[in-house]
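Start from the sequences, fold in the hints, and give me the full structure.
Going down the list, the sequences are from chains B and D.
Its first residue numbered 1, the first sequence is counted upward by one per residue in the working numbering.
Its first residue numbered 510, the second sequence is counted upward by one per residue in the working numbering.
Hints listed in this document are in silico derivations from the structure and should not be mistaken for laboratory results.
You may find that some hints are simply not true.
[Unchecked claim] A partial selection of chain B residues facing chain D, derived with a Cβ cut-off under 10 Å:
#, residue
1, S91
2, R168
3, I171
4, M188
5, K190
6, D192
7, I307
8, E382
9, V425
10, A454
Think of the CB as a built atom: it goes at the ideal place given N, C-alpha and C, for glycine as much as any other residue.
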Amino acid sequence: MKKYQARAIPRRKFMEMSFKGGLLIAATPSLMSHLVSCSSPAPSGPGLDLEKPVLDRVIAKALAQGGEFADVYLENRVSRQIIMEESLFRSGLYGIAQGAGVRVVSGDRTGFAYTDEITEENLLRAAEVASYVARNTELTVPFNIAGAERESFVTVRQPLGEIADTRRIEIMERANQAALDYDPRIKMAKIDYYDQVRGRVIANSEGLYLRDELPLMFFIVETLGDDGTGRHMSRMRISQHSGFEMFEKYTPEYVAQSAARESIAMLGAEDAPAGIMDVVMENGWGGVLIHEAVGHPLEADNIAKGIGAFTGKLGQKVATEHFTMVDDGTIPNMRGTINFDDEGTPAQRNVLIEKGVLKGYMTDILSSGQLDMKRTGNGRRETFRHIPIPRMTNTFIEKGKHRPDDILASTKTGLYVQSLSGGSVNPVTGVFNFTCREAYLIENGKKTTPVRGATLIGSCMGVISSIDAVGDDLDFGPGICGKAGQSAEVTVGQPTVRIRGINVGGSRA
Amino acid sequence: MDNKELTSKLVDRCLRLGADEAEVFLQTGRNLSVRVRNADIETIQEASTSGVGFRVIVDGKMGFSHSNDLAERALDDTISRAIAFARLTTPDESNVLPSDKGHTDVDGLFDPEIARVSMDRKIDIALEVERLAMEDPKITHSSGSSFGEWEGEVFITNSKGISNSYKASMCSVGVGVVAEKGDQRRTGGEWSSRRFFADLEPLDEIAASAARKAWELLDPRMVPTQRASVIFDASVAPSLFGGIIAAINGERVLQGASFLENSIDEQFASSLLTITDDGTIPKGTGSSPFDGEGVPTAKRVLVENGVLRSFIYNTQVAARAGVESTGNASRGGYTRLPGIGTHNLYLATGQYSQEDIIAATQRGLLLKGVTGYGINPVTGNFSGGATGFWIENGRIAYPVEGLAIAGSAAQILNGIEMMGNDIDRNRSFASPSFRIAEMQIGGA
Chain B
1 MKKYQARAIP RRKFMEMSFK GGLLIAATPS LMSHLVSCSS PAPSGPGLDL
51 EKPVLDRVIA KALAQGGEFA DVYLENRVSR QIIMEESLFR SGLYGIAQGA
101 GVRVVSGDRT GFAYTDEITE ENLLRAAEVA SYVARNTELT VPFNIAGAER
151 ESFVTVRQPL GEIADTRRIE IMERANQAAL DYDPRIKMAK IDYYDQVRGR
201 VIANSEGLYL RDELPLMFFI VETLGDDGTG RHMSRMRISQ HSGFEMFEKY
251 TPEYVAQSAA RESIAMLGAE DAPAGIMDVV MENGWGGVLI HEAVGHPLEA
301 DNIAKGIGAF TGKLGQKVAT EHFTMVDDGT IPNMRGTINF DDEGTPAQRN
351 VLIEKGVLKG YMTDILSSGQ LDMKRTGNGR RETFRHIPIP RMTNTFIEKG
401 KHRPDDILAS TKTGLYVQSL SGGSVNPVTG VFNFTCREAY LIENGKKTTP
451 VRGATLIGSC MGVISSIDAV GDDLDFGPGI CGKAGQSAEV TVGQPTVRIR
501 GINVGGSRA
Chain D
510 MDNKELTSKL VDRCLRLGAD EAEVFLQTGR NLSVRVRNAD IETIQEASTS
560 GVGFRVIVDG KMGFSHSNDL AERALDDTIS RAIAFARLTT PDESNVLPSD
610 KGHTDVDGLF DPEIARVSMD RKIDIALEVE RLAMEDPKIT HSSGSSFGEW
660 EGEVFITNSK GISNSYKASM CSVGVGVVAE KGDQRRTGGE WSSRRFFADL
710 EPLDEIAASA ARKAWELLDP RMVPTQRASV IFDASVAPSL FGGIIAAING
760 ERVLQGASFL ENSIDEQFAS SLLTITDDGT IPKGTGSSPF DGEGVPTAKR
810 VLVENGVLRS FIYNTQVAAR AGVESTGNAS RGGYTRLPGI GTHNLYLATG
860 QYSQEDIIAA TQRGLLLKGV TGYGINPVTG NFSGGATGFW IENGRIAYPV
910 EGLAIAGSAA QILNGIEMMG NDIDRNRSFA SPSFRIAEMQ IGGA
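Below is the structure:
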């Protein structure tokens, strides 16, 4: 099977065929109407306005020595960050990052080069560097690029470019005040406000041309509780692809009070117990455990290499029938929502595990070709300086039938995990590790004493075959996911779940 | 106009546009990475890049902006943004820039040879290290190997008289492999990172180490939950000390978010523990003539025989604390404000080989891998997942995995009772193996 669309026939003939087959949609990108207005300064070069014939020439150059696929990615990112600590606005940061990457795929080989300055000359040079891996291979004739249409899942009511900086400041002051007012034992609050607008252009040898602009908001409140004998640092994060209206849904007071509540609740914590025990994990951000332990091993790059933990298990039962896991880049305005991935593939809802049976992997263009599977819209890149790799978007355990109260009440003893700090997994072995930030003992089906320093340790296969109850209270939390030196904005989600028998590391015997 | 002239022109431009004080941090660089898997090229990436960051102070308020568009119009706009942003922040007497205190001469930071080595040779190195690792009969798959290089130049100019630059390079070679046995699958990796191409470690040693790490823990067992000695292998020791370094970060100390905030000149750890930070080591991968804001680097003992001697500071945090900068401003590139970090960190060695330490251990864990966040800098608690070898009667008995180890910093650090001599000083965080008297080990 041909992995990549390429032109092996005369141009005119192709045009006839493609219109018949509906391969090409010759339309102005409808997305432009959704765009936020962003008062980004005019770059000194053409920036993202680089003309299509120039991109055609760059793609042709990239494939001049051989290779099967090439793409060009142009990006412009304008970011703002303001940090408030100890009730002082410590710093304001403003950044402009612009550039372009050119990639050539030849068999299993990838060549890549990038430039900070978007000019035809620099792009042609990058194309030449990237084409090195394809020397002396069969030639591919690229399609000329034409605009394609993609659905948008991001709405903006209050564009970031129209928000005065004083309004950002006001939000932060409200959060700071709410944190300090929560309890006299809150000794410090740190408020981190971040927003960005990322414009991107994707053009490839299959004739695709896409352009869009995604706003991103990220708001973090950290609080330190200290009662003279113990202390606890907690954190609450809110993030969306949207305009400034995010703060209508999540008020700064709500974010600050959520962080402060945990800081105070954990002050009386005792050392966590150690050993194998049942764990009930509260809905929301706890989904990060599944993101790490199951999501990463389901990214297709390690599967294509034949070394991933789920290699060769498609169609097999890998979890209990309570367990359905989904990656969905189309949930409106969520932090992991992407419209289309950074290779231009539309975002979609991908069911990865359905009622315990492994249904699919998350692919990018390269791994989908290697595995002869469909492109799932998971090819993401941190910036123009990075190559696309399979990444998650919004990843969650689908809600089940159990009532959260019943799950807790039917757990005689164990650990109730309300919030995790984060963790990591080895995608080849599937072994993971998580640190609990807020956790309680479960005694006789009730949440009792808060405990600190608990770590959850296990393997991905072990944990999903030990989930025996899934609640009906699906919720989400925003995160930053790191992989292969690249970070990506993601959302994780889960209902309340119970894991039977997981190893908990704690300092109490 | 060369880059040094450009930075000093840009400082003037900041002052003309309304800044009282200004710092320009300009960085240029070139990088190459070759990745190989299954005896073929997987990726080749190459790029040159440059950018500039502006830190300005207006009426005691601080603003920062950065751009990788170095055209004059774009730079003017970027500077104006920093000044506009500064006006939003709170005035603070500690918003100061360092004045010129010269720089430290550090040899061996830049190797012009790296760029002269041919692309084919670099590809061959990556191919060869993978081939050597795959020669081990217990190895079943390759995760890939790589050769990487980077060279760059940093220019810092500020309105207090600093105008300095240096050039640096780095190259590395590494490989990752998989050993499978039945349903078991284990990974192992090793790499070598050096300032100079000629100093890279022999490929056969890198390959053999990666392969051994992949298979040595096959057929692990579980042990019962108990308290026992834990020997930290040299390679995992940094996981324990990362939290200590965070806890002596002067900013955390000021914020009351460090478990060591009241421990200066106190004995908080075993007298076997001495930690030194040295930014001046020739060819050191963490060395530089000055820190991330132009303050000369130095050698500094942070912990001496278990006594905490110094916190670490950049200029702004030092001003808040009423002390001098320790030359520990870290800088994650031109897009970042100065933070606080260490240069080359190392522990003083003891008299024992790892074999001696094992032989002297009745029962315990030789820790080879640890997951998690190490010591929590706020509370001093430590917990993590552990893999390694179980030791009985002074001998390695069998591999173990899926264990959890935990303890408080006080127990762990005071419990250091044997210090090894097996240090690799080429790592920017170098430690020998050492033994902790007793830790909680969670197992079956």
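Each hint tested on the structure:
1. S91: holds, 5 Å
2. R168: holds, 8 Å
3. I171: violated, 13 Å
4. M188: Interface hint status for M188 (chain B): holds (6 Å vs cutoff 10 Å).
5. K190: holds, 8 Å
6. D192: Nearest chain D Cβ about 13 Å off; hint violated.
7. I307: holds, 5 Å
8. E382: violated, 13 Å
9. V425: holds, 9 Å
10. A454: holds, 7 Å
Hint compliance for this structure: hints 3, 6 and 8 are broken, all remaining hints hold.
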